[in-house]
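Undergrad: What follows is the residue order along each chain.
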Amino acid sequence: MATNAHTEAAGGHKAPFPPFQADTFASQLFWLVIVFAALYLLASRLVLPRVGGIIDARANKIEGDLSEAQRFKTEAEAANAAYEKALADARSRAEALAATTRDKQAADSDAKRKTLEQQLDVKLGEAEKTIAATKATAMGNVRSIATDAAAAIVKRLTGMEPSADAVSNAVGDALKR
Amino acid sequence: MGDPIHQFQLKHLFSLGHIGPYEIVFTNSSLFMLIALLATAALMLIPTRSRAMIPSRIQSVAEISYEFVANTIRSTAGKEGMKFFPLVFSLFFFVLMVNFLGLLPYGFTVTSHIIVTVALAMLVFLTVIVYGFYKNGLKFFKLFVPSGIPIIILPLIVFIEVLSFFSRPISHSVRLFANMLAGHITLKVFAGFIVMLSALGIGGIIGAILPLALVVALTALEFLVAFLQAYVFAILTCIYLNDAIHPGH
Chain A
1 MATNAHTEAA GGHKAPFPPF QADTFASQLF WLVIVFAALY LLASRLVLPR
51 VGGIIDARAN KIEGDLSEAQ RFKTEAEAAN AAYEKALADA RSRAEALAAT
101 TRDKQAADSD AKRKTLEQQL DVKLGEAEKT IAATKATAMG NVRSIATDAA
151 AAIVKRLTGM EPSADAVSNA VGDALKR
Chain B
178 MGDPIHQFQL KHLFSLGHIG PYEIVFTNSS LFMLIALLAT AALMLIPTRS
228 RAMIPSRIQS VAEISYEFVA NTIRSTAGKE GMKFFPLVFS LFFFVLMVNF
278 LGLLPYGFTV TSHIIVTVAL AMLVFLTVIV YGFYKNGLKF FKLFVPSGIP
328 IIILPLIVFI EVLSFFSRPI SHSVRLFANM LAGHITLKVF AGFIVMLSAL
378 GIGGIIGAIL PLALVVALTA LEFLVAFLQA YVFAILTCIY LNDAIHPGH
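Just so you know, the protein sequences line up as chains A and B, in that order.
Numbering of the first sequence is given in the working numbering, commencing with residue 1 and proceeding in unit increments.
Numbering of the second sequence is given in the working numbering, commencing with residue 178 and proceeding in unit increments.
One or more of the hints may lead you astray.
What the hints assert, rightly or not - Distance ranges between label pairs, derived from CB positions:
id: 1; chain 1: A; residue 1: Phe17; chain 2: B; residue 2: Leu193; range: 22 to 32 angstroms
id: 2; chain 1: B; residue 1: Val366; chain 2: A; residue 2: Lys61; range: 48 to 58 angstroms
id: 3; chain 1: A; residue 1: Lys61; chain 2: B; residue 2: Val372; range: 55 to 65 angstroms
Hint data in this document are derived by calculation from the structure and do not stem from the laboratory.
Ideal Cβ positions, reconstructed from N, Cα and C, are used throughout, including at glycine.
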């Protein structure tokens, strides 16, 4: 074939297919062993621990951050619950205070009202007594005036002085009617 | 330069002398192995220097590479397979890097030489055997005796299992070698058509458009193949290691 002839011309010697040239095997194996051993050592000692370390560190960091976030969340929830409890306590305390204040004020005003009413009752009674006394006095005055007037009327009409007892009895009878 | 085989020729750069009857030569293959080593080190170590909690883009590439290989092992060989993480990682990145470097202009494809892929496959094969017997003792032979098989056909099954076990390093190495070799030959052949046709004048230049388009498409395909073969090599390694860890089927 033309290509084979060309190979021989270019290579300058009778060369088989290059990948099957057995005289190159020793050199290739020698360098392969050195390079591959170096690569293996590089990978196992340097590359993989370093890259693996980076990835592990990141995974740990993310895990730590997540658990810390969870902790903060729980704390926040607890704080919120405590706040709401305090709020509810304060509200119930305020309500109790308001209720007792209201009750006390109502009792106070009741008591004041009662004393006031009693005082008014007393004054009313006294006023009624005064009225009754005044009335009795007035009624007594009416009798004597009527007796005097009746005696004077009788004396003018008849010209004779009536007895005091008769006039008094007659006035008493008239006042009783 | 139209010869599609010429790209696989090893070039002597300098000689280190002899070990026994064998001359140890630093070749273009050795150079690209070293570049692959340095490229892997650069990719994995330079961006991770700062060990940033929030990774830069290039640090993400290093971390994704790590996670990719780690997940491949975990999904095929389980948690116990992670003790072979450095091995699988090294195999994956070595093959990946030399495959990609071979696609660069003037690049040399280390994995287009069967001695390299055979050596890597034998490393995996021997690791499986040594670790299999070390961990399971004689129970490692259960690998060849699937449970729940009628006694009549058991010898046949054991024969097939043994045969498939020992053909593993062959398929493991030849798959990678043949893929890289064939891909690069195809690329070179179609690229050669462009040169040949365009030398024929204006009609040839128009005719060269089709192979040019094919070469562009094939180059993209070869990048896929370069990654895929590295991944296949790594995942087969994991599957074989899984047999050493859990020999019962």
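Undergrad: Take the hints in turn and mark each one as holding or not.
TA: Status of each hint after checking the structure:
Between Phe17(A) and Leu193(B) the beta carbons are some 25 angstroms apart, a value that agrees with the proposed interval 22 to 32 angstroms. The hinted range of 48 to 58 angstroms is satisfied by Val366(B) and Lys61(A), whose Cβ atoms lie roughly 54 angstroms apart. One distance hint, 55 to 65 angstroms for the beta-carbon pair Lys61(A) and Val372(B), holds here, with the actual separation near 58 angstroms.
Taken one by one, the earlier hints all hold for this structure without exception.
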